[in-house]
Amino acid sequence: MLDIAIDRKTYPDRAGAPHLALAGLRLTAAPGEFVCVVGPSGCGKSTLLNVVGGLDHDVEGRVRLAGADTTHDIGFMFQEPRLMPWLTVLDNVLLVTDASPAARRRARELLAAMGLGDVLDAYPGRLSGGMQRRVALARAFVIEPKLLLMDEPFVSLDVPTANRLRTMLVEQWQRSGATVLFVTHDLREALALADRICFLSAAPGRVVLDRTLALARPRAPDDAAVQALHAELLAQHPELLAGLTSDADVTQDE
Amino acid sequence: MKAGLDDVAAWHSPAVPVRRAMKRRGPRGEGLLRAASLLAFLALWQLAAWFFASPTLPPPATVFARIAAETASLALPTHLAITLARVAVAFLLALAIGAAIGIAMGRWRRLDALLDGWLVLGLNIPALVTIILCYVWFGLNDTAAIVAVALNKIPTVVVTVREGARAVDARLMQVAHAYRLPRLRTFTHVYLPQLVPYLMASARAGLSLIWKIVLVVELLGRSNGVGFQLNMFFQLFDIAGILAYTLVFAAVVLVVEAAGLRPLERRLTRWRT
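So the protein lines, in turn, are chains Z and G.
Counting from 100, one number per residue, gives the positions in the first sequence under this note's numbering.
Counting from 120, one number per residue, gives the positions in the second sequence under this note's numbering.
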């Protein structure tokens, strides 16, 4: 059970005045649940993940992950692949493990399952953007995470590549039983992936709508059911979802 | 005007394919070129020696004979080994201390502000002053000699490595933090690889600076080593001896650079190719 309660999260602004990024944000997720967090650019989505992932401690609030050793059980996938260019594909995945024989076997299996079995010894610089994300995905799952944090990991990829990665993500997630917190500004992507969608307001961000999806898997962003729900949500909450529908919006708010 | 420009273009255009062709010839063609340039140097030297016919410019053959004689008497290998040992110790010391300070200064702004003035001072003190002061303060011994050499090199290492530490990619460090990597693994697998180009630049520049300073240090206050020998030959006006030691020493440094540093750098930056 993931339980997030952030009272206040501020940044020192460029002018010196504090910028309130998150306020009164409460979010929970059941074990094994796939939760998408959707919100407009600059609403504090990345900030939320950084706080939950322990990258940012300067916050009023708390994050609890029941039943997990929070020091080792969180996987993180960033907007960019963020692989170490001087490590081979296999070593990049092994970097975050204890490199035990079991971890090695898991790394090889994961990479093979993602179609990277032939490039284990290649350096990331030789790989396409889509392949680099697959390595990053394998790195996130190799530690058998209780919680997986994903910060718009499939932006700036072409549609077929992104769809393929989403399919792989869902496969691995179903196999691993991890809780996933997936941040995106793309409502269609959220509808294709999530069990539940939490909508954030503009800054200071808080959850303004919490919607459980009853869509069958597997699904794709262009399925009729997804399209219908997309239209329905837009009709129900036009003011809330303004600015979340343009797929071309790839602003990176880091 | 336009016709003039076209003429210039026509004049230059043949050079482009020629240069491309040379590049394509690869390492083997390049090696031949290097050998040819070495031979040309020896030929020029020989010609100059004939032309001036002076005892202050002995021909190559005399110098090579001298190298053989000094090697047979073990004088050259002994002094060379002593000098190389000093170079190695001073080099490693300067690199280790300079890298540590550079990383710290690149990491902590306050420390940077605190030490930056000292750094500027260190960069601008002439090598000779450091050497004299070290001998005066620590005595005419090897410790003083090595400290003096290292002190001369440390500031430049600090400046280069600090540049590298400032350019460290915070996004990759975040990966290490997000996955809770142990500190040591973060340092060796995520942090240090980013500094490799800066460390290698320091190492190469350092070697060429240090082996020059070591000779001065030996000349001023040691009773052995290549620098000491050069000083003696100078007083005896023994030019063949000076050239013999210089040639061998320069050759050794070249070999260290080509057989040690360059392959090491290639290995460490394999991922770039």
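Since the hints were derived computationally from the structure, they do not count as laboratory data.
Everything numeric in this text was worked out from a predicted model, so none of it was measured.
All C-beta atoms, glycine included, are put in the ideal place defined by N, C-alpha and C.
Each hint should be verified, as a subset may be incorrect.
[Said to hold, decoys possible] To list a few chain G residues with every Cβ distance to chain Z over 10 angstroms, as calculated: (1) I186; (2) A200; (3) A215; (4) Y254; (5) A297; (6) R304; (7) V309; (8) P312; (9) Q354; (10) L355; (11) A378.
[Claimed, not checked] Over the 12 angstroms line for every Cβ pair with chain Z, so calculated as not near, a few chain G residues: (12) D288; (13) Q293; (14) V294; (15) L311; (16) V315; (17) V335; (18) L362.
[Unchecked claim] Below, a sample of chain Z positions facing chain G; criterion: calculated Cβ distance under 8 angstroms: (19) Y110; (20) D112; (21) P184; (22) L339.
Against the structure, the hints:
1. Its beta-carbon lying about 43 angstroms from the closest one in chain Z, G:I186 satisfies the requirement of being farther than 10 angstroms from that chain.
2. For G:A200, the shortest C-beta to C-beta distance to chain Z comes to about 36 angstroms, beyond the 10 angstroms cut-off, and the non-interface label holds.
3. Against the 10 angstroms criterion, G:A215 stays outside the reach of chain Z, whose nearest CB is about 22 angstroms from its own CB.
4. Distance to chain Z confirms G:Y254 as a non-interface residue, since its nearest Cβ pair spans about 43 angstroms, more than 10 angstroms.
5. Non-interface call for G:A297 relative to chain Z: violated, since the shortest CB-CB distance, roughly 4 angstroms, does not exceed 10 angstroms.
6. A beta-carbon of chain Z is positioned within 10 angstroms of the beta-carbon of G:R304; the least distance is around 7 angstroms.
7. With 10 angstroms as the threshold on Cβ separation, the claim that G:V309 sits away from chain Z is violated: the shortest Cβ distance comes to roughly 6 angstroms.
8. For G:P312, the non-interface assignment is contradicted: its Cβ lies about 4 angstroms from the closest Cβ of chain Z, within the 10 angstroms cut-off.
9. The claim that G:Q354 lies off the interface holds: its Cβ sits roughly 52 angstroms from the closest Cβ of chain Z, which is beyond the 10 angstroms cut-off.
10. With 10 angstroms as the threshold on Cβ separation, the claim that G:L355 sits away from chain Z holds: the shortest Cβ distance comes to roughly 53 angstroms.
11. Listed as a non-interface residue, G:A378 keeps its Cβ farther than 10 angstroms from every Cβ of chain Z; the least gap is roughly 23 angstroms.
12. Listed as a non-interface residue, G:D288 fails to keep its Cβ farther than 12 angstroms from every Cβ of chain Z; the least gap is roughly 9 angstroms.
13. Residue placement check: G:Q293 does not keep its beta carbon more than 12 angstroms from all beta carbons of chain Z (closest about 6 angstroms).
14. The non-interface label for G:V294 is inconsistent with chain Z: the shortest C-beta to C-beta separation is roughly 5 angstroms, within 12 angstroms.
15. The Cβ of G:L311 sits about 10 angstroms from the closest Cβ of chain Z, inside the 12 angstroms cut-off, so the non-interface label is violated.
16. Its closest Cβ contact with chain Z, about 8 angstroms, brings G:V315 to no more than 12 angstroms, contrary to its assignment away from the interface.
17. Interface exclusion of G:V335 from chain Z stands, the closest Cβ pair being 38 angstroms apart, more than 12 angstroms.
18. At roughly 44 angstroms from the closest C-beta of chain Z, the C-beta of G:L362 stays outside 12 angstroms, upholding its exclusion from the interface.
19. Because the smallest distance between the Cβ of Z:Y110 and any Cβ of chain G comes to about 15 angstroms, over 8 angstroms, the interface hint for this residue is violated.
20. Annotation: interface hint on Z:D112 violated; nearest CB of chain G at approximately 19 angstroms, more than 8 angstroms.
21. Interface restraint check for Z:P184: the shortest CB-CB distance to chain G comes to about 6 angstroms, inside 8 angstroms, so the restraint holds.
22. A least Cβ separation of about 30 angstroms between Z:L339 and chain G goes past the 8 angstroms threshold, and the interface hint is therefore violated.
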